[in-house]
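Asker: For the record, the sequence lines run as chains A and B. Note that my numbering numbers the first sequence so that position 64 is 64, with each residue one more than the last. So the number in my numbering is just where the residue sits in the second sequence, counting from 1, plus 184.
Since the hints were derived computationally from the structure, they do not count as laboratory data. Please read these numbers as outputs of a predicted model, since none were measured by experiment. Warning: the hint list may mix true and false statements.
[Stated by the list, open to error] Okay, the calculated beta carbon distance ranges per label pair:
| hint | chain 1 | residue 1 | chain 2 | residue 2 | range |
| --- | --- | --- | --- | --- | --- |
| 1 | A | T68 | B | P530 | 44 to 52 Å |
| 2 | A | T27 | B | V386 | 33 to 41 Å |
| 3 | A | T61 | B | Y330 | 36 to 44 Å |
| 4 | B | E594 | A | T68 | 41 to 49 Å |
| 5 | B | S227 | A | T126 | 38 to 46 Å |
| 6 | A | T27 | B | F331 | 49 to 57 Å |
| 7 | A | I65 | B | V539 | 40 to 48 Å |
| 8 | B | M240 | A | T92 | 42 to 50 Å |
| 9 | B | S227 | A | I65 | 30 to 38 Å |
| 10 | B | V386 | A | R168 | 31 to 39 Å |
| 11 | B | D340 | A | T68 | 13 to 21 Å |
[Unchecked claim] Facing chain A, according to a computed beta carbon distance under 10 Å, are these residues of chain B, among others:
| hint | residue |
| --- | --- |
| 12 | D340 |
| 13 | T361 |
| 14 | G393 |
| 15 | A630 |
| 16 | H637 |
Virtual Cβ for every residue (Gly too), placed ideally from N, Cα, C.
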Amino acid sequence: MWGYLAEYETPGEILHAAEQVRDAGFTKWDCFTPFPVHGLDNAMGIRKTILPWIVLCMGLTGLTIAITLQWYVNSPYTQSASLYVLSGYPLTISGKPYWSLPANVPVMFELTVLFSALTTFYGLWTLIRLPRFHHPVFSVARFRRVTDDRFFLLVEAADEKFEAGVSRTLLERTHPSAIDEVKD
Amino acid sequence: MTTNLVTAAPGEEDQDPVLDPRFTYGTATDHITRHIRPPISASWVFGFGLSFLGFMLFNWAVTWLFIWGVGVWGVNIPVGWGFAITNFVWWIGIGHAGTFISAFLLLLRQEWRTSINRFAEAMTLFAVACAGVFPLLHLGRPWFFYFLLPYPNTMDLWPQFRSPLVWDVFAVSTYGTVSLVFWYVGLIPDLATIRDDPTRSVTARRIYGFLSLGWRGAARHWHRYQKAYLLLAGLAAPLVVSVHSVVGMDFAGGIVPGWHSTIFPPYFVAGAIFSGFAMVVTLAVPMRAIYGLQDMITLKHLENCAKLMLVTGLIVCYGYYTETFQGWYSGSPYEIGMMHDRWFGPYWPAWWTVVFCNCVVPQFFWSRRVRRSPWTLFVASLLINVGMWLERFIIVCQSLHHDYLPSKWEMYYPTFWDYATFIGTIGFFFTLFFLFCRYLPVIAVAETREMVHKKGRSEGVAAALRRSGYE
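Isolated chain A, as found in the complex (with noise of 0.2 Å):
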C-alpha cells in the first residue's frame, strides 16, 4: 500500500482536516484541489518556496550579460588583444558616443525580463518534480475529479508517523466523503 487518500466535496473541509494531519505531526502528505484553495498554505504548513530569489538571480544575470555583450560588440575599448576572441564592431554613427549607458538600457531590461521569465516557467518545473506522468494517486479512479470538483487528502504510507489503521481512523473522523488505499 501506498497511503490513504481521502475525499472532500467542499475546500472549508479540506481545510479543516489539513488542519488536523498537520497537528498529528505527519510529514509526507499532501492535498489535490481543483483550484488552489486560499490558507491551504497555511493549514498545511508548507514554506515559502525561493523560487522567487531564484528568479532574481538569474533576472540579474540577465543583466548582466547585457551589459556585457554591448560593452564587448560596440566599445572600441575591448580591441585589446587579451578580449580579442569576441571582438567588438564599433561603429560611429552620427558621431555618437560608442559607449553611453541611455542607449543600452532596452537591450539591458528586455534580456532582464526574458532570463526572469524562462528561470520561472523553468524552476517552476524543477521545484515542483513535473513533468512527472506516472503517480500512485493516479491509481484510484475517483482521483479524476481532482481537477474537476473535488479535494483529496493523501497520507503516505512512507511516512513515520503511519500505522495503517489509526491513520485511517484520523482520517475518518475528518469526515471525507469516500477513503481509498493508494496502491504501489
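Chain A is already provided as a structure; the job is to place chain B on it using the hints.
Answerer: Just chain B, lined up with the frame of chain A:
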C-alpha cells in the same frame, strides 16, 4: 452534471455579476470544456476553412515574395516601409490588450479578468506571430535574418546596439517568449482537466495528459505555481509598456517629419491597448454568442472593455492633437507641410477616417446603453480596428511620402501582393484562433472554479444536494 440547480434567493443577487453565482465547480468546468468535446460542428469547419484559405493566400504571397523579392510590393524610395511595417505595428499593438488583461489586471486583482484572460492571451500570442513575420519579410534577404542577433561570426559583424531597430529584435522576441510561457503555465491545470474528462477518448487524454506535464493539483504545487504565475505577471506587466515604446522609438529615432517626436512611445502604447481591446471585443462578442458563454463573459466584461477603449481612445486623440500642435509650434516648414499634407493631401480620406474611427466612435462609449449592448460594441470595435490600422498606415506611409525634398515626394501604391500578405495574416490569425477555440478551453477553468468559490453562494447547497443523491 446538472445546471441551474440552485436558484438565487430574491433580493440578495449581485445585479451585475462577473460570473453567474449559480455555477458550481462541476457545472463551471463542464460549461467551459463541453465546447472542445467532439463532434466538430459544421460552422466551425466553415469558419476554420475560410480562415485557412486566408492562410493559404498568405503562403502564396510569401512564396511569391521569396521568388521575386520585395519588388513585388509597392515599396520604393521614399516609402520604403509600406504595408509591411504598418501591419507589424498594427498586429503587435493588438497583442498588448492580452498582456494588459493577463498581467496588469492580475496584479491589480481585478476579478473581471478571469473570464477573458485566456483567449486574450491567445490573441496576443497569435497577433505577435503575425507581427513577427513582417519585419523578417521586409528584410529583403529574409534568409539572413539571423544577422540581427549578436553571435560570433567569421565576418566579425555585430549588431549596432544604439539603434532602436536592434532594440526591437530584443523587445519583440522577449515579448513573444514571455507571452508563450505565461499562456502555457496558465493552461497547465486546464489541460489536466481535459485529460481527466471521462468522455474523452484515450488518445485525446494521452495528448492532453502529455501537455499537462502530469499536473495533479497538489497543494505544494499550487503554492509554487501561484508564485510563479504572479512572477510572470510582474515580468509581463512592464512589457505592455516597453514593447510598443520600443516600436514607437523606431519612428522617433528617424528624422522624418511626423516621426521625430518624443510623443511616440506613450502615444503608441495607448494606441496599442486601444486597438487590442477593440480586438478583444471583436473576438468576445461572437464567441460568447456562439458558445453560449454569456453567463461567464458577462455584460460587465464588455462594459469594462468599452471603458478602457474610451480612456485609451481619448489618450490617442490627445496624441493626434499634440502631433498637430507640435507640427505648428515647431515652426518648421517641413513639419507644417507634412501636417498640411496629412489633412488635405492625397491621403486625406485615410486621415479623416482615422479621426472618425478613433476619436468620434469611442465617444459613444460614454453611454451606458452602448457599453452594454454587445453587437453595437462589436460594430464599434470593428471600426476601431480599421481606424487603428489606418493610423499606422498614415504614420508609416504618409509621413514618408512627404519629407524634406519636394523632388522626393512620391505616392505609395500598394500592389496585389501587399494586400494578399496583409489579408493572409488575418487568415493566419483566425486559423490559429479557430484551432484554439476547438482544442483548448477559451476560459481559464481552474481560475473560474476559484471564482465560483469566491462568488458562488451555491457551494454548501450544491454539496448537500450531491450528498442526497440528487446528481
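Asker: Each hint: holds or not?
Answerer: Hint check:
A C-beta distance of roughly 50 Å is found between T68 of chain A and P530 of chain B, which places it inside the suggested range of 44 to 52 Å. A hinted range of 33 to 41 Å holds for the C-beta pair T27 of chain A and V386 of chain B, which are about 36 Å apart. Against the hinted window of 36 to 44 Å, the Cβ-Cβ separation of T61 of chain A and Y330 of chain B comes to about 24 Å, which falls outside the hint. A C-beta distance of roughly 44 Å is found between E594 of chain B and T68 of chain A, which places it inside the suggested range of 41 to 49 Å.
A C-beta distance of roughly 43 Å is found between S227 of chain B and T126 of chain A, which places it inside the suggested range of 38 to 46 Å. Restraint check, T27 of chain A to F331 of chain B: a C-beta distance of roughly 56 Å satisfies the suggested window 49 to 57 Å. Range check, I65 of chain A to V539 of chain B: Cβ separation about 45 Å, and the 40 to 48 Å hint holds. Between M240 of chain B and T92 of chain A the beta carbon distance is about 47 Å. The supplied range of 42 to 50 Å therefore holds.
Between S227 of chain B and I65 of chain A the beta carbon distance is about 50 Å. The supplied range of 30 to 38 Å is therefore violated. Taking the beta carbon of each, V386 of chain B and R168 of chain A are about 33 Å apart, inside 31 to 39 Å as hinted. Between D340 of chain B and T68 of chain A the beta carbons are some 18 Å apart, a value that agrees with the proposed interval 13 to 21 Å. The beta carbon of D340 of chain B comes within 6 Å of a beta carbon in chain A, closer than 10 Å, and the hint placing it at the interface holds.
Checking T361 of chain B against chain A by beta carbon gives a least distance of about 6 Å; that is within 10 Å, so the hint holds. For G393 of chain B, the interface hint holds, the least distance from its beta-carbon to any beta-carbon of chain A being 7 Å, beneath 10 Å. About 5 Å separates the beta-carbon of A630 of chain B from the nearest beta-carbon of chain A, less than 10 Å, and the hint is met. The restraint placing H637 of chain B at the interface with chain A holds, with a minimum CB-CB distance near 6 Å, inside the 10 Å limit.
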